[in-house]
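Q: Chain residues, written in single-letter form:
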Amino acid sequence: MSMRKKIVSAAVALILGAGLILSGCGGKQEEFQAKPETGIAPAFSESLGYFNENPSVITLSETEKYVYYTRNDEKFSDESEYIAVRRATLSGGVWQYEEPMAALIPSDDGWDGGRVFQADVVCGKFLFNGEEYGFLMAYAGNSLQNSRRAAQIGLAVSKSAAGPFVRVGEQPFLSWSADDYSQYGQETTDGVNEPSLVSYDKASKILLFYSIYNPNTVNSCRFLTLDLSSDLSELAGRKGERGNVLSNKGVADMETNSNCVGADFALTEDGQTLVCVRDYNPIAATSPAVAQAVQVLSAPVQILMQTIGDASPAWTILNDKISSLDTAVWEEDGKPGYDRIYSACIVSDGYARIANAQEFSLMFTSSSVAAVNAAYKYTPMLHDFAVSAEVTA
Amino acid sequence: MFRKITALLFCAIFCFGSGMSTMPANAASEAENVFVEQTLQTYDGIYMQVKGSPADNYRKIGIVADEPLAVQPFLSVRFRNLADAAVPFCVTLEDSEGNKWKTGYNGSPQDYQEHFYIPEDTEEVQTVKEYYGCMYLTKEIGGGEILIDMTKLTCIFGAPLTDIKKIFFGLPAAYNPAEKLELIDISSAETEGLSLSDGEFSDADGNAATDAEIIASLQRTTFFDFTKVSSDEELDALFADRTLLKCNNDDAVTSTFDSYIALGKTETQKAVSLGQDCMEGIKYSLRQDSTLTSDDPESPNYCADKFGYIRIADLTDAPVAAGDALAIKMSALYNKSAFRIIVIDSDGEAYRAGAAAGEYPFVSEDGKIGQMPTYYNCLWPEKKAGTLLLEYPVFSLQSAGSCDIVNNRVADKKLGEIAEIYLSMDMAETSGEAKNRKIAIASVANVEFGSETIDILADLTKYSVTSDKNEIADANFAEPKNSVIAVPMEKSAFKNGNWVLGRATVAELAEKAPISPQRVGDVKILDNFAILDKGYSQEEKDSIIGDFYSLYGERSYLSAVSAGGKDALCWTMGNYVTDYQNVSGGYCGLTVNPVASAQDWGDWSGAKGMTLWVKNPQSHEISFNIAFQQVIDSQTVSYRMDYENSTVYAADTRTGEEFSFPTSTTIYLPGDFEGWLRLDFSVFGRYSATGPDEIDFSHEVIALKITSYLYDNSDMSLIFGYVGLYYEDFSVNWAFDEGGKGILDRMSEGA
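Keeping their order, the protein sequence lines are chains A and B. Each residue of the first sequence is one higher than the last, beginning at 1 in this note's numbering. Each residue of the second sequence is one higher than the last, beginning at 394 in this note's numbering.
Isolated chain A, as found in the complex (with noise of 0.2 Å):
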């Protein structure tokens, strides 16, 4: 194990242990500088210097949720990431949110003994090892200091919410190689990521959504049907290449042939309507080249059924584009909302289930601009917003 690991084991201990901010070496409290709040505030406040990006919400009970989320462990750097989770309750009418903790941290010298990032969680009867366990969580991660490139995704289940989440087995579920796309040398893409997890029964039946990112063609958003009513320990990986393409049918932006690369996915309460929040496209080309707005759409399951065709179902855009405009605090001076808006979680509770389509929650992440902050990378911070449907679903 290398140094870094070690430390970054030992401050996750004293986290686990003592429930402190996590800090550095030698677990110094640290001075808390506030991030550039530009519009609506975050849902949460943590210190400029720690990323909070890649959301995933779900709601226990109507006074209690956890959000899972990605955090650089070391101020200012971005060499290594986990996911942290933080309880919220519910009180006065407020979301109170305690101090974050690790529910996965990179292996140790594993696929993932790099950096953990992008995860979702779901609640359903999960057995690994002879173990039951109620809470599954996809995760995507890499061996690499300083990059989320070459990403696949692994599985890790809990007993409990806030972790910490036990690895299912010592490689990834969904596997990518560069060396599976040329003859002449690797390509290095993003990989496999951004995994979404569904729960289709609010069991053992669940859909995979992800992200994979080939260098011979072009990145799609795919999914699998998973039904993991068997041990975990027994289920068998595979290439991410052999997901199901999902649709783009119906799906609009600035740039022809979109596609729900990076979405978050729910099911309505009636297991009818698939919701799904997306980047809007074309992301921004300068630092941090990520999304400036997302998309909220729906679209009948059976889309995950039929076979692409002029006949199959399609996407209905419900809120075109959440954007700056729509973050802004106009009562308030120097709040016209936030350049960058992107990677957001629909808020839904332990199954990935939302009551309607016309009206729900996301959470979404913010960032500040490389031309405004020269510290962009590490002002991300996540908000709650509240969707209205444009349009009927």
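To be clear, the hints were calculated from the coordinates, so they are not data collected in a lab. Mixed in with the good hints, there may be bad ones.
Stated by the list, open to error - Quick list of in silico lysine to aspartate or glutamate cross-link-like pairs, EDC-like style, CA-CA up to 20 Å: (1) B:Lys806 - B:Asp717; (2) A:Lys377 - A:Glu37; (3) A:Lys249 - B:Asp1035; (4) B:Lys621 - B:Glu460; (5) A:Lys249 - A:Asp310; (6) A:Lys125 - B:Asp1130; (7) B:Lys1134 - A:Glu132; (8) B:Lys663 - B:Glu810; (9) B:Lys1001 - B:Asp1130; (10) A:Lys205 - B:Glu1050; (11) B:Lys621 - B:Asp437; (12) A:Lys205 - A:Asp270; (13) A:Lys249 - B:Asp1073; (14) A:Lys377 - A:Glu30; (15) A:Lys202 - B:Asp1130; (16) B:Lys1001 - B:Asp1089; (17) B:Lys639 - B:Glu758; (18) A:Lys205 - B:Glu784; (19) B:Lys1001 - A:Asp310; (20) A:Lys249 - B:Glu1037; (21) B:Lys1134 - A:Asp310; (22) A:Lys249 - A:Glu390; (23) B:Lys663 - B:Asp556; (24) A:Lys249 - B:Asp1122; (25) B:Lys545 - B:Glu606.
The structure presented is a predicted model; accordingly, all values stated were derived computationally and were not measured.
With chain A's structure known, arrange chain B on it following the hints.
A: Below, chain B alone, put in the same frame as chain A:
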């Protein structure tokens, strides 16, 4: 094209093997030359097909009623168009007193009379035109009910009709050689409650009637219903008892009817199987260093006629009267070795077999009748031994001087006595395949169906190869009587010198493995990429399989492999460094031609998409594309997978995984994949310069093209096990309940 199969399916005939021998005819040596007959289709009504050109134009069926019918405002004729051609017809009505009226308006396409037409299975009332003395139904008229306005008939004789005693239904055969229709019934009809004025129907109140109201108002009295005729035997009996009559243009019974019109309840195909062995016959091929013709008038090799000619039968000493057809026992030794047959009659006229479209019977060694297609005025044989049947009416007179043959003039324009028979092959520089083409011919015969006579004109198995070679060919044959190279064949000496004669080898006579089963679930198999193994070595197999598929573009190689538990075709791209020639934009190409043993190979109507069993033996992706070609209005039109971000559906037959992946401008097949792919036709677009944008499978498909970019795929291989069409919707592989049927489910249906 409108089709309706009512009884025996063509494929059922292949499966059940109904080819049967009739009485053996004249036999040469111990070889058995026999007639073969096969049932094609049984119709609801009766089929009528033009097969000749009578001098007086019309041949008619006369129908005599026991009890005359009353005259009604309309005569109803129900029919179907069985040809992709016009189906004009005339009707003549005669009453009990001998008065006769007919559809006799001459006019023109601009000067015509109108009658009514209800297309089959519609609620529409359209109009059709009467001119040139007949109901001139163009090829777009697919079939339905014609309502002939009786007030528009022309009087031939006498007074107005008092009743209808006889009806004569005629086809203008002399001017419509492709006409073929199904006659269902003829009735008198009226529209109850509606009246016709100035071409418009109206009710009693003068309100215009809708199409549905017109159709609903029709009251018919049947004059003759051909659907009530149950068999050809019953049909023959009706002709025998003169309920039905076979008549000429003057409505008189004629014995020549059958020479010009084929009709019946059940359509059968007659052909011939010659018994001579192609391995004992003569192989005709071109030298690899042949001097090919140029289309540049400045070139020393310029020839207006790019075809070469070699005589395969010399009957000048005793010309033979042409019977019904020419039969040729042959085998293409290289797939799709395009050729023509030229017959010279005793007055020096040249007649060519090879047309712009169509097909001719070809009886394979197992006695089953298939078809050999013709297009681009050539015949396109599959690499398979059998007997080609060319009925003499399909030969077309060549204009004087158009063929580079000594004898090629125009005289009486009738093929009378056969004096010479030539094989002709393309020798043009622009034909990339010219030097690869080779054909073995064992015998040529003159056939008469009526007398059931098979007269061998030339038995090429009688010749033995000698070492005595002349300057024209590499091989000469003993017994120079009927020798094929005794005299210069044609005017161009250099074209004469291109021919190479010899004997076919065992490998050259190898055949493809028959496609069995032809259907796998919802898939129709077009090719199984396998040869009929007769104990060949691997080297022979690699050579043989290469003769069935044409390669083009950058260098690539074919070999026979085993994959998926069966023989398969391995296609290996050349090396980008050593093989790159910048041909065809850097692409390797593979042509898959129609396979005769596949059921209706070229008919893709009703299919939802293409499917292939492929294997990528590499651990990384390999890219390829697939296209198909049609001939539309004499032009080759091509469609290929043409849209980025299209979805390809896949089923791995080893792991059972079903998944899908998007395309770029080509298909990137995942590494280590082995199984079925499905491509919906909606992902195909036209990429030829001309042709309709919308795919139209009413036109036959003539070939598949598979391409692969040489640079990306240098030295890489792609293995093909099957190619076919799928016909049913399928669903994404759904692990939960209530999902639909995936690819493997669809393919196991009916198993």
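Q: Just to be careful, I want the Cα atoms of Lys249 of chain A and Asp310 of chain A compared with a cutoff of 20 Å; is the pair within it?
A: holds, 9 Å
Q: Holds or violated: are the alpha carbons of Lys621 of chain B and Glu460 of chain B at most 20 Å from each other?
A: holds, 18 Å
Q: Please work out if Lys125 of chain A and Asp1130 of chain B have their alpha carbons no farther apart than 20 Å.
A: holds, 18 Å
Q: When you check the alpha-carbon spacing of Lys249 of chain A and Asp1035 of chain B, does it fall within 20 Å?
A: Holds, because 18 Å separates the two Cα atoms, which is no more than 20 Å.
Q: Quickly compare the C-alpha distance for Lys621 of chain B and Asp437 of chain B to 20 Å and report which way the hint goes.
A: holds, 9 Å
Q: Under the criterion that the straight-line Cα-Cα distance not exceed 20 Å, is the pair Lys249 of chain A, Asp1122 of chain B satisfied?
A: Satisfied, since the Cα-Cα distance of roughly 18 Å is no more than 20 Å.
Q: What's the verdict on Lys205 of chain A and Asp270 of chain A, does the C-alpha distance respect the 20 Å limit or exceed it?
A: Distance ~16 Å between Lys205 of chain A and Asp270 of chain A Cα, so the pair holds.
Q: Going straight from one Cα to the other, do Lys806 of chain B and Asp717 of chain B come out at no more than 20 Å?
A: The given pair, whose Cα atoms are some 17 Å apart, holds under the 20 Å limit.
Q: Given the hint that Lys249 of chain A pairs with Asp1073 of chain B, test it: the Cα-Cα distance must not exceed 20 Å.
A: holds, 16 Å
Q: Hint check: Lys1134 of chain B vs Asp310 of chain A, CA-CA at most 20 Å. Holds or violated?
A: holds, 19 Å
Q: Given the hint that Lys377 of chain A pairs with Glu30 of chain A, does the C-alpha gap stay at or below 20 Å?
A: holds, 18 Å
Q: Are Lys663 of chain B and Glu810 of chain B close enough, with their CA atoms no more than 20 Å apart?
A: Violated, because 23 Å separates the two Cα atoms, which is more than 20 Å.
Figure legend: structure checked against the earlier numbered hints; hints not met, in rising order: 7, 8, 9, 17, 18, 23, 25.
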